[in-house]
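As they're listed, the protein sequences go chains E, F and S.
Numbers given in the working numbering equal positions in the first sequence, counted from 1, plus 1.
Numbers given in the working numbering equal positions in the second sequence, counted from 1, plus 1277.
Numbers given in the working numbering equal positions in the third sequence, counted from 1, plus 133.
Note that these hints are calculated values from the structure, not bench results.
Glycine included, every Cβ here is placed at the ideal spot set by N, Cα and C.
Some hints here could point you the wrong way.
Stated by the list, open to error - Computed list of chain E residues with no C-beta within reach of chain S, every gap over 12 Å:
#1 G109
#2 A147
#3 Y181
Unchecked claim - List time: in silico EDC-like cross-link candidates among lysine to aspartate or glutamate, alpha-carbon distance up to 20 Å:
#4 K263/S with D190/E
#5 K1303/F with E1369/F
#6 K155/E with E250/S
#7 K190/S with E243/S
#8 K1420/F with D1431/F
#9 K263/S with E249/S
#10 K1420/F with D1339/F
#11 K1338/F with D1410/F
#12 K1338/F with D193/E
#13 K1338/F with D190/E
#14 K1388/F with E1498/F
#15 K1388/F with E1369/F
#16 K177/E with D152/S
#17 K142/E with D154/E
#18 K142/E with E272/E
#19 K177/E with E249/S
#20 K1338/F with E1421/F
#21 K1338/F with E192/E
#22 K1333/F with D1410/F
#23 K263/S with E250/S
#24 K177/E with D154/E
Said to hold, decoys possible - Over the 10 Å line for every Cβ pair with chain S, so calculated as not near, a few chain E residues:
#25 F11
#26 L18
#27 G77
#28 N129
#29 F132
#30 W184
#31 A195
#32 L198
#33 V200
#34 R275
#35 P282
#36 A291
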Amino acid sequence: MRQLAAIAAFAVAVALLPGLTGSGVVLNIAIMTLYAALLGQAWNILAGFGGQFSFGHAVFFGTGAYAAAVLQARFGWNAWATLPAALALGAAVGAFIGTLSFRYGLRGSYFALVTLAFAEVFRILANNVQFTGAGVGLMVKLQPGAAHFQFADKAGYLHVILAFVVVGLLVSWWLKHSRYGAWLQAVRDNEDSAAALGVNVFAVKLQAIMLSGALTAAAGVFYVQYFQYIDPSLAYGPAVSVEALLGPIIGGLGTIWGPILGATVLHLLGEATRGLVSSLPGVNLVVYGALLVLMIMFLPRGIIGLVK
Amino acid sequence: MLHIINFAHGAALMVALYGVFFLHQKAGLDPYLSLPVMVPAMFVAGYALYRFVVAKASHGKDENILLVTLGVAIVLENVALTLWKSDTRTIETGYTFTTVAIGPAMIALPKLVAFAGAAIVAALLLAMMRGTDLGRAIRACAKERQGARLVGIDVEHVFAMSFGIGLACLGAAACFLLPAYYVNPQVGNGFVLIAFTIVVLGGMGSFAGALLGGLLVGVVESIGGLYLGESLGQIGIFLIFIAVLLFRPQGLFGARA
Amino acid sequence: MIEAVSLSKRFGGLAAVQDVSLLVHPGTITALIGPNGAGKTTLFHLLSGFLAPDSGKVILEGRDITGLSPHVICRLGMTRTFQIVQPFAAQTVRENIAVGSHLHHRGRREAIAAAEEVARRVGLHAQLDKPASSLTIAGRKRLELARALATGPRLLLLDEVLAGLNPQEINEVLPVVRGIRDAGVTVLLIEHVMQAVMNLCEHVWVLSNGRLIAEGAPREIAAHPQVIEAYLGHGTAERLLRAAHA
């Protein structure tokens, strides 16, 4: 209950942010942080709660992004209407990869490599298929108005991404307080023991990758609406896969607040280094990579592990 | 070999390529003559990387090794980007455009040297694995880590040595590669998954398997490129990679564990 | 209760279990004994669905369960513990046991309440909030037992639940196992601690080199010439007799 109250307080506080500052720069940082947090929350479901480390979450992100872009640009769908379709496709891709990987017992780094390879396969396909716009990418038509998922000011986007993140928080809370969550964490810690206690290990992992895939696809839909453009490298390139795992690892794996905490720390650090040495490209990524290495070496339980 | 999956392999190759590039640029050293500098330097770097970073980060889980080497790769790649920008650089030597006729085929000399160099490195590695105490220790650790520890093998040292040898090979590869290739901060990325594919295809820890796997990947890439075009052609490699991991994780040539 | 019908399992050239048929009666504590490498744990794997037999059948309460998955078998009322304890190390004792009790309780609150009840039965209630990784070996063995019990089994397979415990700890766990049986759960256990076998069990099966070589009441087994000569050795036989009279 305390956690639910904290989630509500978080939602209200962030929602009021545009009232405090009209600065587009600040709001943009907040939006990109929440967007990274959403990716992290989705990844955290599968890796943090389920123990299955994916290195190719771009496969779900890109699928969601392309589902939205293609349905809007080619079929004239309303942007909001593409959201459920994108979620379903993200879950379907998750079911496909999960069925193959878990049926054949892939674990640990082998699972990570297979997800990475799937993301590459999708990237190459998107690069070569005409209806995704191939290498040129797809532009979404400018149609201002909340009814079209496009907002004149940043506040609108902030509220939408905040809503997604709150859903992610509620899902994480549910995993901590439900039978399914207990089973998923049992599978993470020991598959044989879980099976002996009546847990259908395959089904639990499959449901986790579908849930994670759907939530990641939501981030893809948001990306397309915010930037109104997608191409194969943005959609399926390794950058998204890395962004998804950085937040939870730095904040705290398998925790409710870890992904948000990690994403916030990363983005603030990134902005700070960019502010200090703005002329040098890639310097914020150096910080991200170094932080990843240091966290795994010295704080494998993340920042939250310090508090507990 | 030891089931350490090193994500930083591509980035390390990139660093080695820059090393060769600057040795040529600043010291006027021929790429092939950089070998005695690059190989030991990369060996030391690899040994240290394992000892001081990877070993301390693993906490007994192989996912952590994957993550920490990913972090190292991100750092290396972006340090390169910061220092040297994203420009693609090549070097020109007296023999860059020399070709050699072998039967009916005209082959660029640098490519021929690269091929011969790779063959020699492979032969040396094979000899080392078969004939030296270190090689035997590596194989022992690969088979049975706990047992190797019990018979008095310093397992951490063996792991660090093999990590160092892996990077030393990259140092050699960079010397052979640069005259026929180029370098930029992202150059290593293309090699990471291909290297994994080759190793998985051949069977983790199988030496002949890796060579055959390399050959197969080359053939698949060429045929794919021929029939599907340059960019779609790469898909074959990844599909093979996925299929092998799923259906024959011991590799095409490995024995079922 | 459970019946194995000529079960066989080979690993490459090794015949781990050969043509084993055995029967466990409801409401009893039955032991499966034999030297290391006799195939006891393999037999447990076959009974509980972790391995599929090459041939033969497993019948649970009249129903053929051969080849079913472990989680399905658990839902049918049979579960097992592991020789090498496998706690969910990142979770507390309460959360560990609740994984088991969730099998029959969907709600979190009911599952936790049921878990606490089971913890009381096995003497873990003082340690409910501790992380499972902080427990001693004895504590982990109890946790293994508690998790399995929490699934509400009618048949429980215990793989060396006493191994690694000191005599005092063994004496504490024995009444727990007896209490489980008294509550109506049939128990089949693999055990090396003969004192426990003699004290607890109504019936004993002896496995050697993958084959059953004897069965009977503990005293009969202790006096069984084939068991003594071919397998246990004279010293062990005497100890068994002494234990039986103790």
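Status of the hints after comparison with the structure:
Consistency note on G109/E: stated as away from chain S, and its beta-carbon is indeed over 12 Å from all of that chain's, at 16 Å minimum. The beta carbon of A147/E sits about 38 Å from the closest Cβ of chain S, which is more than 12 Å, so the claim that it is off the interface holds. At the 12 Å boundary, the C-beta of Y181/E falls inside the reach of chain S, the nearest C-beta of that chain being 9 Å off. At most 20 Å may separate the alpha-carbon atoms for a hinted pair to count; K263/S and D190/E meet this at roughly 16 Å.
Annotation: proposed proximity of K1303/F to E1369/F holds, straight-line Cα distance about 14 Å (limit 20 Å). Simply put, K155/E and E250/S have alpha-carbon atoms about 53 Å apart, too far for the 20 Å limit, and the pair is violated. About 36 Å separates the Cα atoms of K190/S and E243/S, which puts this hinted pair outside 20 Å; it is violated. Taken as a hint, the K1420/F and D1431/F pair is honoured in the structure, with Cα atoms around 15 Å apart against an allowance of 20 Å.
For the given pair, K263/S sits about 13 Å from E249/S by alpha-carbon distance, which is consistent with the 20 Å threshold. At roughly 16 Å between alpha-carbon atoms, K1420/F and D1339/F fall within 20 Å of each other, so this suggested pair holds. In summary, the hint linking K1338/F to D1410/F is not supported, as the alpha carbons are separated by about 27 Å, beyond the 20 Å threshold. Restraint check for K1338/F and D193/E: satisfied, since their Cα atoms lie roughly 18 Å apart, inside the 20 Å limit.
About 12 Å separates the Cα atoms of K1338/F and D190/E, which keeps this hinted pair within 20 Å; it holds. For the given pair, K1388/F sits about 17 Å from E1498/F by alpha-carbon distance, which is consistent with the 20 Å threshold. With a C-alpha separation of about 14 Å, the suggested pairing of K1388/F with E1369/F holds against the 20 Å cut-off. At roughly 46 Å between alpha-carbon atoms, K177/E and D152/S are farther apart than 20 Å, so this suggested pair is violated.
Proximity of K142/E to D154/E is assessed by CA-CA distance (about 17 Å); at most 20 Å being required, the pair is judged to hold. Only pairs whose Cα atoms come within 20 Å are accepted, and K142/E paired with E272/E is rejected, the gap being roughly 30 Å. The straight-line distance between the Cα atoms of K177/E and E249/S is roughly 18 Å, inside the 20 Å bound, and the hint therefore holds. Using a Cα cut-off of 20 Å, the hinted pair K1338/F and E1421/F holds, with the two alpha carbons roughly 16 Å apart.
Using a Cα cut-off of 20 Å, the hinted pair K1338/F and E192/E holds, with the two alpha carbons roughly 15 Å apart. For a cut-off of 20 Å, the pair hint linking K1333/F to D1410/F is broken: about 26 Å separates their Cα positions. For the hint linking K263/S to E250/S, the alpha-carbon distance of about 16 Å falls within 20 Å, and the restraint holds. Taking the CA atoms of K177/E and D154/E, the gap is about 36 Å. The hint is violated against a cut of 20 Å.
Against the 10 Å criterion, F11/E stays outside the reach of chain S, whose nearest CB is about 23 Å from its own CB. With a least CB separation of 34 Å from chain S, L18/E remains clear of the 10 Å interface cut-off, as annotated. For G77/E, the requirement that its beta carbon stay farther than 10 Å from each beta carbon of chain S is met, with the minimum near 44 Å. Interface exclusion of N129/E from chain S stands, the closest Cβ pair being 41 Å apart, more than 10 Å.
Every CB of chain S lies more than 10 Å from the CB of F132/E, the least distance being 41 Å, so the non-interface label holds. W184/E, annotated as away from the interface, has a beta carbon of chain S within 10 Å; the closest lies near 7 Å. Against the 10 Å criterion, A195/E falls within the reach of chain S, whose nearest CB is about 7 Å from its own CB. In this structure L198/E is not separated from chain S by more than 10 Å, as the shortest Cβ-Cβ distance comes to only about 5 Å.
Under the 10 Å C-beta cut-off, the non-interface status given to V200/E relative to chain S is violated; the minimum distance is some 6 Å. R275/E, annotated as away from the interface, keeps every beta carbon of chain S farther than 10 Å; the closest lies near 36 Å. No Cβ of chain S comes within 10 Å of the Cβ of P282/E; the nearest lies about 40 Å off, and the non-interface call holds. Taking the minimum C-beta to C-beta distance to chain S, about 27 Å, the non-interface status of A291/E holds against the 10 Å cut.
Going through the hint list in order, the structure does not satisfy hints 3, 6, 7, 11, 16, 18, 22, 24, 30, 31, 32, 33.
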